[in-house]
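Peer 1: Chain residues, written in single-letter form:
There are 2 protein chains.
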Amino acid sequence: MVAGELGPCSATLDRPVPTVASFSGRPHPLLVHRNKSGCRVSAASQQTRRVRAATVQAQVASAEAPAIPKPGTLPPKIVNVDLGDRSYPIYIGEALLNDAEIVSRHVQGSQILVVTNTTVAPLYLESFVKGLREQGAFKVESVILPDGEEHKSLQVLQQVWDKALESRLDRKATFVALGGGVIGDMTGFAAAAYQRGASFIQVPTTVMAMVDSSVGGKTGVNHPLGKNMIGAFYQPRCVLADMETLKSLPDRELASGISEIVKYGLIFDPELFNWLEENVEKLLNRDSKAMMHAIDRSCAIKADIVALDEREGGVRATLNLGHTFGHAIEAAQGYGVWLHGEAVAAGMVMAADMSFRLGWIEPEICKRTVELLKRAKQPITPPKGMTAEQFRSFMSVDKKVQDGKLRLVLLRGPLGNCTVTGDFDPQILEDTISAFVAHEGISGSSDLPNTQ
Amino acid sequence: MVAGELGPCSATLDRPVPTVASFSGRPHPLLVHRNKSGCRVSAASQQTRRVRAATVQAQVASAEAPAIPKPGTLPPKIVNVDLGDRSYPIYIGEALLNDAEIVSRHVQGSQILVVTNTTVAPLYLESFVKGLREQGAFKVESVILPDGEEHKSLQVLQQVWDKALESRLDRKATFVALGGGVIGDMTGFAAAAYQRGASFIQVPTTVMAMVDSSVGGKTGVNHPLGKNMIGAFYQPRCVLADMETLKSLPDRELASGISEIVKYGLIFDPELFNWLEENVEKLLNRDSKAMMHAIDRSCAIKADIVALDEREGGVRATLNLGHTFGHAIEAAQGYGVWLHGEAVAAGMVMAADMSFRLGWIEPEICKRTVELLKRAKQPITPPKGMTAEQFRSFMSVDKKVQDGKLRLVLLRGPLGNCTVTGDFDPQILEDTISAFVAHEGISGSSDLPNTQ
Ligand SMILES: NC(=O)c1ccc[n+]([C@@H]2O[C@H](COP(=O)([O-])OP(=O)(O)OC[C@H]3O[C@@H](n4cnc5c(N)ncnc54)[C@H](O)[C@@H]3O)[C@@H](O)[C@H]2O)c1
Ligand SMILES: NC(=O)c1ccc[n+]([C@@H]2O[C@H](COP(=O)([O-])OP(=O)(O)OC[C@H]3O[C@@H](n4cnc5c(N)ncnc54)[C@H](O)[C@@H]3O)[C@@H](O)[C@H]2O)c1
Ligand SMILES: [Zn+2]
Ligand SMILES: [Zn+2]
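Chains as they are written, first to last, in UniProt numbering: chain A, 1 to 452; chain B, 1 to 452.
In case anyone wonders, no lab produced these hints; they're calculated from the structure. Given the structure is predicted, the values throughout are model-derived calculations rather than measurements. Among the hints, a few may not be true.
Chain copies aren't distinguished; within one or between two, either way the pair holds.
Said to hold, decoys possible - Straight-line alpha carbon distances no greater than 27 angstroms define the calculated DSS-like cross-link-like pairs of lysine-lysine that follow:
id, residue 1, residue 2
1, LYS367, LYS163
2, LYS282, LYS130
3, LYS163, LYS374
4, LYS247, LYS172
5, LYS282, LYS377
6, LYS247, LYS405
7, LYS405, LYS163
8, LYS172, LYS405
9, LYS130, LYS377
10, LYS139, LYS405
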């Protein structure tokens, strides 16, 4: 380990390739002028961001949101995603789902199509629709899709468009996604392409969807040759994250969402990582207050990164830490065997391992990552039987490939720092893959993935 | 006829509905502040526009385009579509298809996927691809779709994505549409949704595609319940209209494209309308010089309207003159029986008839429209056997319906003026429909549509 190479500001930019990006807990001077959308031109420090979040919350309490939280509930937090005229709020609270007033505030026309699935519908659809209908003159329709990543396809998406057209929805209609990331991604793309752009609201009901998929406007479906290959960048009008809905979430789904929270800690926020090391069991126990904190921090980090780089020309790619390895794992097994967060967990361990082999991070970070993910009940190695050839083959069709060069998000520097780069010795990637398919893992551990 | 009602500036705005728009040959003062995209805030007069077009052409001759046109060919015209950082040029000329240098100037990455169909491929694909390959280090793939509006579907679109993924194209790849409007619309949407947005170039090979579908970024496919219901607004990086390709176009296809040129005259440009009355036979005879003039004027008009209102919040809707009636005709027969331009021709006659019945235009305009369209070999009544009930039913799922109210583009005032409005006596619409399904037509004519 060549720790001496790493200074405190070791985040690097690979100059020759214009889309390279780097992101660290501290504002990186080179991030200035990197924003193509023209919305913001410098990365706010964590300090500023914390202050901004607080301000938004205060404003809301006095103006936008219900001034008095429902008895016995915590006051909602609000994160603003700052994208010019496409900005929108994320409401994080305890009794939001039946507060139809918030949703209806963001509905433009008079027609609503709620898209959900066979698992979520029996739990929440009826009361949600009832609330909306009571709110006013909405015409509310719903469509219930089959549940599962394997149904995140164009074929199933067709059912949403069929329903919309049968219901004679016009282009001012609002599509509401009520469910996890699969429903959110599909509904967003359905809305984006419906008559070239209907409105869209996210009501995420999994941790994964609350901290990641519902924020930032990436929508789409899978193709047999790749995950999320067909889609659009399309922002919702608001996001409503209700802690109540997490009560019914299976343990394994809940835990897998925690991997993405760990990711925010690793790429950007050492304080969040420390907090998780102290509180991860509270999240597993669905403590609302702890959950709201973790979701608030995660959304705030993602919102800021997305505001800097909506279309993933640069820093947004850092959100893919562990995802290139993770997608290979998902693709090799067939979608839906491991959960997304589980694949990402193993992928982050591989990315950390590779970063360590490159001499870019201290072994401590690898160890803490493995320990935290284990406590979050996540796998820390790829599934047994997965081959090096599968990694090679699935990683090369991944979107991180640009003009033939594989680019990866890797950790570099102290906790909370990462880089997106194609500039590494390919042998080191091979070494990491070999170690993990042999189930040696980062720490020589032979733990099998926790897929229950 | 209550001609006294019509002053020279009779274009009207229906105040209660915010998306109402009106457009006339003269800049309408109310158009100022109507632009939502913020690109431009007032409509340029025809005068200005003519001057601007000329300037662009001069600049091009000296800088961008080949300075010396190929021996025996006319110098290319260039129309600029002004959409901020999504602006792009339309090249209109005689020997552009094999001038791979122009295309390659607008290609970003190194991968190109040419999308075409079984009719166009044998005519132009090989030499086009050869030219591109000779240009440089491009990896050029192609996919050949079945020909016909009935194949403008999600199912067929899938073939484009399959090919792109099998060829391992990344998100920097450029999709090139080589063909008519069907190929252009499908390829544009394929590019828009491929990895959430690949690049896109239009090489239109029909009059329809050159004057209309390749300009302005509307892309999409049909759904069994409606035309172009699934799609995106997605701008190409350039458009290449080569007169040579029109030589192989069947007479009926050529003629149907002229309907859209007539449309530009009716909604905006009385001079173009006059010019058509003098030169329509030259167009039917494929006179390159006349064709380039008509295409140049049409593109310039459409480009200006699109620049004012990219997302069809207002004036862009005027481009749908005759289209609501026309779509009903196409839908009632099943797509692909009549050509789009033919349906629009009959639709424009119906729109003119209705405008006359409302007392908004002089009977002269109806008569001139019918005569010009007849000379262009277009139908001027709906197909025999089509019922009033079919019109009613198909017009109400049309996108012009907003929150339940049917809005139509109608002529109002002197030639070159129109309005988009839902504010008319519904009985007048019924009268027009009745007259046309009884084949009385505007002038009591019993002409049957020219569908050969
Ligand atoms: N758009 C993005 O930026 C982005 C980011 C991350 C992940 N994703 C996508 O999100 C998907 C994964 O999301 P996910 O983890 O939410 O999976 P998911 O949507 O499949 O939901 C997980 C399971 O939980 C069920 N469920 C959802 N809410 C429930 C509730 N409240 N109670 C009980 N059961 C409930 C679902 O029906 C499903 O069976 C993947 O397709 C991934 O590609 C997208
Ligand atoms: N996007 C828009 O703004 C817009 C505007 C108008 C029309 N459109 C769409 O465009 C389509 C109609 O376009 P179109 O009229 O070009 O139809 P098309 O694409 O079907 O082409 C007409 C026929 O001509 C053939 N063809 C094309 N080029 C040829 C050539 N050079 N030589 C010989 N044959 C040739 C085609 O294969 C086809 O058989 C419709 O789907 C319509 O919805 C879109
Ligand atoms: Zn993820
Ligand atoms: Zn048309």
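Peer 1: All hints are to be evaluated individually against the structure, with a verdict given for each.
Peer 2: Cross-check of the supplied hints:
Proximity of LYS367 and LYS163 under a CA criterion of 27 angstroms is satisfied in neither setting, with 50 angstroms inside one chain copy and 43 angstroms between copies. For the identical chains of this complex, LYS282 and LYS130 are neighbours neither inside a copy (33 angstroms) nor across copies (63 angstroms), given an alpha-carbon limit of 27 angstroms. In the homo-oligomer, the alpha carbons of LYS163 and LYS374 never lie at most 27 angstroms apart, since the shortest distance is 43 angstroms inside one protomer and 41 angstroms across protomers. In this assembly of identical chains, the alpha carbons of LYS247 and LYS172 never lie at most 27 angstroms apart, being 33 angstroms within a copy and 42 angstroms across copies at closest.
Taking the closest pair of Cα atoms, LYS282 and LYS377 come within 27 angstroms of each other only inside a single copy of the chain (13 angstroms); across copies the shortest separation is 76 angstroms, beyond that limit. Taking the closest pair of Cα atoms, LYS247 and LYS405 never come within 27 angstroms of each other, the shortest separation being 43 angstroms inside a single copy and 43 angstroms across copies. When the C-alpha separation of LYS405 and LYS163 is checked against a cutoff of 27 angstroms, the pair qualifies only between copies, where the shortest distance is 21 angstroms, while the shortest distance within a copy is 42 angstroms. In this homomeric assembly, LYS172 and LYS405 come within 27 angstroms of each other (Cα to Cα) only across copies, at 12 angstroms, whereas the closest approach inside a single copy is 42 angstroms.
With identical chains, the CA atoms of LYS130 and LYS377 are never at most 27 angstroms apart, being 37 angstroms at best within one copy and 56 angstroms at best between copies. Taking the shortest Cα distances, LYS139 and LYS405 sit within 27 angstroms of each other only across copies (15 angstroms), while inside one copy they are farther apart (50 angstroms).
When held up to the earlier numbered hints, the structure conflicts with 1, 2, 3, 4, 6, 9 and fits the remainder.
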